[in-house]
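Below are the chains, spelled out letter by letter.
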Amino acid sequence: MPRRAVGDYRRAMTTASRQPARVVMDESAVSAALQRMAGEIAARHPEGALALVGVLRGGAPLAARLRSLLSAAGRAGALFGTVDITLYRDDAATALPNPQIGRSEIPFEVEGRVVILVDDVLYTGRTTRAAIDAVMDYGRPRAIELAVLVDRGHRELPIQADYVGLRIDTSRRERVEVRVDPVDELAAVVEVLGPAENTPAPGG
Amino acid sequence: MNGSVRHLLGIEDLPARDIVQFLDTAEVFFGVSTRRVRKVPTLRGKTVINLFFEASTRTRTSFELAGKRLSADVVNISVSTSSVSKGETLLDTVKTLEAMHPDVIVVRHSASGAPHFIARHTRAGVVNAGDGMHEHPTQALLDAFTIRRAKGHLADLVVTISGDIAHSRVARSNALLLTRLGAKVRVCAPRTLLPADMEQYGVEVFDSLGPAVEGADVVMMLRIQHERLTEALIPSTREYARTFGLNRAMLSRAKPDAIVMHPGPMNRGVEIDADVADGPHSLILDQVEAGVAVRMAVLYLLAAEVGQSPLA
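Chains as they are written, first to last, in my numbering: chain A, 50 to 253; chain B, 2 to 313.
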């Protein structure tokens, strides 16, 4: 039943966007990548409390998924939080106000802890920069690491991920979407959407 | 706010969805105030001017803290209202401030409508921090925020507002906001302090505290605004305290889980007894805390809007 729903929501979304989409990671690839990332995190941190912080909105379900995979890998009890970066965006003072700010909830002391930020797509690095600043305002972690499902390149800041599901080459005109199944939060696919026909390139 | 709110001048013209938007955004900033670093970089480079023509410590401090916690530059200006030719003076003041390119001007003035006048002559967003006997929208928002946090919702709650209804902008803004979000509002005061047209706000009017408090979810007490009383409207402070003061016996007529609120400043022993003000039902200090979060939400939603609006 969940599997069926995945197909449905994916088809619906693809049709709605009317853009050519190619699946770069199907469900099993996403699942395998997260499994491997959890293994890497467990290997790098064999002891001590781990804290996973999902960057809203795309990173939160992936952080939850990693947390359960870590449990299965013998690293149970990882702390879990979410962070919304709206108030930390570098264009916050000039962008339109966002009336739907997500709730940042870090219900544990970050002081002295290793915090692993989890996001779906790493692109310019600006979101990660904002998320780092947001976490720092809760305290001074011992280290912050970054786990992303997809690294699509085009960095505008000196930021890199410690755990990467998949690196792909993209054009700036493309969009990379991680679609998490609304029914089965553990299922996700990654799509690259080409520029829509008849849509001029940015700045063009 | 979908471009709909450039200024916050009153609750009267604010649709329910914008009110809820302010309250929801305030929840985010309430979280910020509980962290180790109680500050976000959001309004870096923006300027907020607190323009106060009337004495105020708590509201001004609350706005100042809200602006600073958003990383805005905050300037406080206190102006005396002694000048007779207020219109001209006010326009000159606004023109001067306008040349300093503020993003938001927070105004308190003893004349109703002064913030509206300023809004017509500036490109900045204007927040009404209390104008005469007219409105005090951020107080109403923070009261609603406090009630919503305590009760989980506003709809169908019985809210009793007792005190100097005639001279209170807090009562007016609260009555407008709470009824708009579905609460059942009762106002209570001696007949001399009750405006004749109160029913137009969809509230129930009482001239005796007991029946007004009966079964209430929220009891909000207001002080007598002696500075606005031009004639003797109450026999004496002692007489008022006896008949309209909220003491423990009176409060027991409200719901067992009723909450007690007061926008301050309080006159202990007059409209509210000390053991009620400091008692387990009191959310008076929660209101102060909510005030900063609500004003952060207001400044955030207005200041960011200003950056987008074309030159007036």
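In case anyone wonders, no lab produced these hints; they're calculated from the structure.
All C-beta atoms, glycine included, are put in the ideal place defined by N, C-alpha and C.
Each hint should be verified, as a subset may be incorrect.
From the derived model, a few chain B residues whose C-beta atoms are all more than 10 angstroms from chain A [claimed, not checked]:
(1) Asp25
(2) Gly46
(3) Val76
(4) Gly211
Taking lysine to aspartate or glutamate pairs in the EDC-like style, the calculated list, with each CA pair at most 20 angstroms apart, reads [what the hints assert, rightly or not]:
(5) B:Lys69 x B:Asp218
(6) B:Lys185 x B:Glu13
(7) B:Lys69 x A:Glu158
(8) B:Lys40 x A:Asp186
(9) B:Lys69 x A:Glu160
(10) B:Lys152 x B:Asp218
(11) B:Lys152 x B:Asp198
(12) B:Lys152 x B:Glu215
(13) B:Lys69 x B:Asp93
(14) B:Lys185 x B:Glu228
(15) B:Lys152 x A:Glu160
(16) B:Lys40 x B:Asp19
(17) B:Lys256 x B:Asp276
(18) B:Lys152 x B:Glu13
(19) B:Lys69 x B:Asp258
(20) B:Lys69 x B:Glu28
(21) B:Lys40 x A:Asp233
(22) B:Lys256 x B:Glu290
(23) B:Lys40 x B:Glu13
(24) B:Lys185 x B:Glu215
(25) B:Lys256 x B:Asp198
(26) B:Lys152 x B:Asp14
(27) B:Lys40 x A:Asp75
(28) B:Lys152 x B:Glu28
(29) B:Lys185 x B:Asp208
(30) B:Lys40 x A:Glu160
(31) B:Lys40 x A:Glu76
(32) B:Lys256 x B:Glu228
(33) B:Lys40 x A:Asp200
(34) B:Lys256 x B:Glu99
(35) B:Lys40 x A:Asp140
(36) B:Lys152 x B:Asp25
(37) B:Lys69 x A:Asp139
Comparing the hints with the structure gives:
1. Asp25: violated (8 angstroms)
2. Gly46: The claim breaks: glycine 46 of chain B does not keep its Cβ more than 10 angstroms from every Cβ of chain A (closest is about 6 angstroms).
3. Val76: holds (17 angstroms)
4. Gly211: Answer for glycine 211 of chain B: holds, closest chain A Cβ roughly 42 angstroms.
5. B:Lys69 x B:Asp218: violated (35 angstroms)
6. B:Lys185 x B:Glu13: OK: lysine 185 of chain B and glutamate 13 of chain B at ~17 angstroms, within 20 angstroms.
7. B:Lys69 x A:Glu158: Violated. Lysine 69 of chain B to glutamate 158 of chain A sits at ~25 angstroms, over the 20 angstroms cutoff.
8. B:Lys40 x A:Asp186: Holds, because 8 angstroms separates the two Cα atoms, which is no more than 20 angstroms.
9. B:Lys69 x A:Glu160: Violated. Lysine 69 of chain B to glutamate 160 of chain A sits at ~25 angstroms, over the 20 angstroms cutoff.
10. B:Lys152 x B:Asp218: Answer holds: lysine 152 of chain B to aspartate 218 of chain B is near 9 angstroms, not above 20 angstroms.
11. B:Lys152 x B:Asp198: violated (30 angstroms)
12. B:Lys152 x B:Glu215: Distance ~18 angstroms between lysine 152 of chain B and glutamate 215 of chain B Cα, so the pair holds.
13. B:Lys69 x B:Asp93: Not satisfied, since the Cα-Cα distance of roughly 27 angstroms exceeds 20 angstroms.
14. B:Lys185 x B:Glu228: Violated: lysine 185 of chain B and glutamate 228 of chain B sit about 30 angstroms apart, past 20 angstroms.
15. B:Lys152 x A:Glu160: violated (34 angstroms)
16. B:Lys40 x B:Asp19: violated (25 angstroms)
17. B:Lys256 x B:Asp276: Roughly 18 angstroms between the alpha carbons, so the hint for lysine 256 of chain B and aspartate 276 of chain B holds.
18. B:Lys152 x B:Glu13: Distance of about 24 angstroms is beyond 20 angstroms: violated.
19. B:Lys69 x B:Asp258: violated (36 angstroms)
20. B:Lys69 x B:Glu28: holds (18 angstroms)
21. B:Lys40 x A:Asp233: violated (37 angstroms)
22. B:Lys256 x B:Glu290: violated (24 angstroms)
23. B:Lys40 x B:Glu13: violated (31 angstroms)
24. B:Lys185 x B:Glu215: holds (13 angstroms)
25. B:Lys256 x B:Asp198: Violated - the C-alpha atoms of aspartate 198 of chain B and lysine 256 of chain B are around 28 angstroms apart, more than 20 angstroms.
26. B:Lys152 x B:Asp14: violated (26 angstroms)
27. B:Lys40 x A:Asp75: violated (41 angstroms)
28. B:Lys152 x B:Glu28: holds (15 angstroms)
29. B:Lys185 x B:Asp208: holds (17 angstroms)
30. B:Lys40 x A:Glu160: The given pair, whose Cα atoms are some 18 angstroms apart, holds under the 20 angstroms limit.
31. B:Lys40 x A:Glu76: violated (40 angstroms)
32. B:Lys256 x B:Glu228: violated (34 angstroms)
33. B:Lys40 x A:Asp200: violated (31 angstroms)
34. B:Lys256 x B:Glu99: Violated, because 50 angstroms separates the two Cα atoms, which is more than 20 angstroms.
35. B:Lys40 x A:Asp140: holds (17 angstroms)
36. B:Lys152 x B:Asp25: holds (15 angstroms)
37. B:Lys69 x A:Asp139: Holds, at roughly 18 angstroms.
Violated hints, in rising order: 1, 2, 5, 7, 9, 11, 13, 14, 15, 16, 18, 19, 21, 22, 23, 25, 26, 27, 31, 32, 33 and 34; the structure is consistent with all others.
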